[in-house]
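Student: Listed below are the residues making up each chain.
Protein chains: 2
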Amino acid sequence: MAAAAIVRGPSQQVSRIWRFAKFSNRQSVGIRAYSALMSPPSKAVVYEHHGAPDSVTRVIERLPEEIKENDLCVKMLASPINPSDINRIEGVYPIRPQVPAVGGYEGVGEVYIVGSAVRDFAPGDRVILSPPSSGTWQTFVVKEQSVWHKISKDTPIEYAATIIVNPLSALRMLEDFVSLNSGDSIVQNGATSTVGQCIVQLAQLRGIHSINIIRDRPGSDEAKETLKKLGAAEVFTESQLNLKNVKSLLDGIPEPAVGFNCVGGDSASLVLKFLRHGGTMVTYGGMSKKPVSVSTSSFIFKDLSLRGFWLQKWLGSDKATECRRMIDYLLSLVLEGKLKYEMEMTSFDDFHIALDKALGKLGSQPKQVIRF
Amino acid sequence: MAAAAIVRGPSQQVSRIWRFAKFSNRQSVGIRAYSALMSPPSKAVVYEHHGAPDSVTRVIERLPEEIKENDLCVKMLASPINPSDINRIEGVYPIRPQVPAVGGYEGVGEVYIVGSAVRDFAPGDRVILSPPSSGTWQTFVVKEQSVWHKISKDTPIEYAATIIVNPLSALRMLEDFVSLNSGDSIVQNGATSTVGQCIVQLAQLRGIHSINIIRDRPGSDEAKETLKKLGAAEVFTESQLNLKNVKSLLDGIPEPAVGFNCVGGDSASLVLKFLRHGGTMVTYGGMSKKPVSVSTSSFIFKDLSLRGFWLQKWLGSDKATECRRMIDYLLSLVLEGKLKYEMEMTSFDDFHIALDKALGKLGSQPKQVIRF
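Heads up: the sequence lines are chains A and B, in that order. The opening residue of the first sequence carries number 1 in the UniProt record's numbering; numbering runs sequentially from there. The opening residue of the second sequence carries number 1 in the UniProt record's numbering; numbering runs sequentially from there.
Hints are computed from structural coordinates only; laboratory data are not their basis. In this text the structure is predicted, and so the values were computed from the model without any measurement. Treat the hints with care, as some may be off.
As the list makes no split between identical chains, a pair holds if one copy fits it or if it spans any two.
With a straight-line cut-off of 27 Å between C-alpha atoms, the simulated DSS-like cross-links for lysine-lysine are [stated by the list, open to error]:
| id | residue 1 | residue 2 |
| --- | --- | --- |
| 1 | Lys-153 | Lys-228 |
| 2 | Lys-75 | Lys-289 |
| 3 | Lys-313 | Lys-244 |
| 4 | Lys-153 | Lys-143 |
| 5 | Lys-247 | Lys-313 |
| 6 | Lys-244 | Lys-289 |
| 7 | Lys-302 | Lys-319 |
| 8 | Lys-302 | Lys-153 |
| 9 | Lys-229 | Lys-150 |
| 10 | Lys-68 | Lys-247 |
| 11 | Lys-290 | Lys-338 |
| 12 | Lys-153 | Lys-340 |
| 13 | Lys-357 | Lys-224 |
| 14 | Lys-302 | Lys-290 |
| 15 | Lys-302 | Lys-289 |
| 16 | Lys-290 | Lys-340 |
| 17 | Lys-361 | Lys-247 |
| 18 | Lys-289 | Lys-273 |
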């Protein structure tokens with residue numbers, strides 16, 4: 001299959017431009033190396049310009065791509081739809097690939113073809129992108145061998161596909177801001193998010209009590225139960241915290257020195273209310289799209305610090321080895337049954353259904369993972 | 001003059017209670033030591049309960065007080081009315097003296113009588129309270145010798161009286177949060193405040209450019225001129241900053257790594273707008289009585305940190321020696337003409353006029369300093 005063909009989407013615009021770009025590319029390949037290794041054609045989710053993900057993304061077939069001597073061609077097995085993937089397509093993310101672009105940022109696959117100079121990988125190896133990078137929503141990904149990290153084939157693919165963006169964020173946030181010891185506590189909002197679920201479990205593994213805040217919504221009782229089973233010390237809905245002294249609810253748990261906020265607005269204020277004198281709130285998301293509001297006295301008299309966390313900064317090049325050690329640790333927890341989180345696997349054929357779910361158009365849904 | 005007498009104020013309530021308390025005290029003194037050293041009676045601003053300072057404060061005469069062997073009795077010369085003094089009387093300050101209490105927190109005086117065991121001070125010595133403590137709004141203050149710090153008699157009393165709460169805050173804020181070098185810049189709002197004026201000068205002495213934000217009000221042009229004369233690199237009114245890219249105004253000055261906020265609300269947002277990636281905003285006041293509001297992306301993508309500063313924490317007991325070194329440094333700058341700020345001296349007889357000015361009832365006014 002050598003020509004691009006639209007698989008889904010009303011407009012022909014994307015594929016025409018895409019085809020032109022790939023065609024030029026193929027021409028130059030042809031001139032440079034007659035016997036170049038080529039990938040199979042790849043089915044991919046692409047967007048040509050930024051905007052609402054459900055209207056700007058199309059699933060197309062891409063032309064075969066050259067596999068250079070140090071490249072791996074990986075047959076993708078699974079890749080998640082993370083909130084940051086959506087922000088990248090919307091164009092509101094500070095770092096975004098040049099359009100036209102293939103969506104997705106992390107994922108797992110199986111080595112399919114290795115470049116001529118590759119020695120450390122062989123077809124059949126299970127690999128993830130580490131550090132992650134753009135373009136994982138496609139059936140075949142060709143990238144230089146150094147960005148691939150070999151993992152055990154025993155790892156369930158949905159965990160292998162999702163182990164960096166959320167679990168690694170949870171791990172780093174627990175480690176990087178405040179020195180926490182067994183017996184200490186943390187507080188977080190958005191506790192049912194994937195990061196939230198990971199924080200609960202990683203905290204518990206360290207003997208740290210987690211105080212969790214979730215939204216009031218149908219099913220919040222079940223969500224409480226789920227979090228408690230994962231190891232949450234306390235779970236409150238926001239309306240339960242509509243009282244002056246939230247700390248009276250702590251029941252022997254020490255006041256937290258650190259809090260994690262992925263919601264903003266009033267929910268962030270609840271995190272601040274729980275923090276002990278001198279505590280730190282780390283913001284890593286803003287699901288409510290509302291700013292964080294802080295009283296002057298919180299800063300002066302309660303000595304609170306407010307910080308931000310962005311995994312991207314952590315994934316910087318000089319940390320590659322350290323990141324892989326942490327990823328292996330997280331994957332080992334998965335294999336030991338000590339780290340789990342809710343996910344839903346959806347076939348690539350139903351990508352746009354998964355996307356709608358990830359966009360919240362179908363109510364509260366677990367993390368969507370595309371299976372190729 | 002052995003009995004308490006009301007000097008000003010319509011209600012007799014305060015002085016009656018006060019008289020009773022002092023009477024009990026005198027009885028016990030009489031039993032313990034027949035030849036006790038006693039201070040002269042002291043004229044003092046007292047409040048019996050917390051509330052609006054202009055209605056709860058009364059000027060009364062206090063009975064003579066025992067001077068114990070390690071005490072100094074100091075004839076006060078001057079003491080300022082700081083915003084925190086007002087907050088203490090209002091009862092909104094986290095640390096407040098037990099009522100009934102004498103107002104005021106810092107000041108300068110002359111040693112009048114020394115306790116029998118005192119060797120390092122003699123009558124006539126010029127002293128300030130270091131660390132500062134409650135009760136400086138009175139003509140004679142009796143406190144243990146260790147809280148007094150001897151200073152040069154050449155120091156103008158209005159500067160000696162005010163050198164800790166505001167100038168020391170300015171110095172610590174410049175030193176404690178971000179490592180600043182010559183050529184760097186800082187940004188602040190409330191720049192016409194005493195702390196603000198000190199920051200401008202202390203920054204300039206270190207070769208640091210100060211970007212200053214002031215309110216739009218009649219006289220803001222003069223305020224700009226005053227700040228520029230003190231060494232401000234840039235002064236903007238808030239309305240001048242009503243544009244998307246405030247950094248385009250910086251004209252060669254590097255983006256600031258640290259900002260100081262004593263206003264809150266929109267004015268704090270202007271400080272945040274100027275900060276460079278990874279910058280820190282330090283809140284030390286909230287003159288607008290509005291909270292600080294911060295976008296999620298400021299935390300995550302701009303990596304801003306928000307902190308608070310409270311001098312009280314700095315004045316903690318183990319820092320006493322260090323504080324006095326810094327105070328001597330600041331006083332030396334005053335003597336060299338390198339540190340100045342606007343003040344108005346008011347006679348103690350007109351205390352309530354000065355208080356009204358400090359409360360903002362008479363428009364924008366310089367720092368009020370009571371001369372005894």
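Student: Each hint should be assessed against the structure and marked as holding or not.
Tutor: Results of checking the hints against the structure:
{"no.": "1", "hint": "Lys-153 <-> Lys-228", "verdict": "neither (30 Å within a copy, 68 Å between copies)"}
{"no.": "2", "hint": "Lys-75 <-> Lys-289", "verdict": "neither (37 Å within a copy, 58 Å between copies)"}
{"no.": "3", "hint": "Lys-313 <-> Lys-244", "verdict": "between (37 Å within a copy, 25 Å between copies)"}
{"no.": "4", "hint": "Lys-153 <-> Lys-143", "verdict": "within (20 Å within a copy, 76 Å between copies)"}
{"no.": "5", "hint": "Lys-247 <-> Lys-313", "verdict": "between (34 Å within a copy, 23 Å between copies)"}
{"no.": "6", "hint": "Lys-244 <-> Lys-289", "verdict": "both (25 Å within a copy, 20 Å between copies)"}
{"no.": "7", "hint": "Lys-302 <-> Lys-319", "verdict": "between (34 Å within a copy, 20 Å between copies)"}
{"no.": "8", "hint": "Lys-302 <-> Lys-153", "verdict": "neither (49 Å within a copy, 38 Å between copies)"}
{"no.": "9", "hint": "Lys-229 <-> Lys-150", "verdict": "neither (31 Å within a copy, 64 Å between copies)"}
{"no.": "10", "hint": "Lys-68 <-> Lys-247", "verdict": "neither (59 Å within a copy, 44 Å between copies)"}
{"no.": "11", "hint": "Lys-290 <-> Lys-338", "verdict": "neither (34 Å within a copy, 45 Å between copies)"}
{"no.": "12", "hint": "Lys-153 <-> Lys-340", "verdict": "within (17 Å within a copy, 71 Å between copies)"}
{"no.": "13", "hint": "Lys-357 <-> Lys-224", "verdict": "within (22 Å within a copy, 55 Å between copies)"}
{"no.": "14", "hint": "Lys-302 <-> Lys-290", "verdict": "both (23 Å within a copy, 17 Å between copies)"}
{"no.": "15", "hint": "Lys-302 <-> Lys-289", "verdict": "both (26 Å within a copy, 17 Å between copies)"}
{"no.": "16", "hint": "Lys-290 <-> Lys-340", "verdict": "neither (29 Å within a copy, 42 Å between copies)"}
{"no.": "17", "hint": "Lys-361 <-> Lys-247", "verdict": "neither (36 Å within a copy, 39 Å between copies)"}
{"no.": "18", "hint": "Lys-289 <-> Lys-273", "verdict": "both (20 Å within a copy, 19 Å between copies)"}
Of the hints listed earlier, those the structure fails to meet are numbers 1, 2, 8, 9, 10, 11, 16, 17, in rising order.
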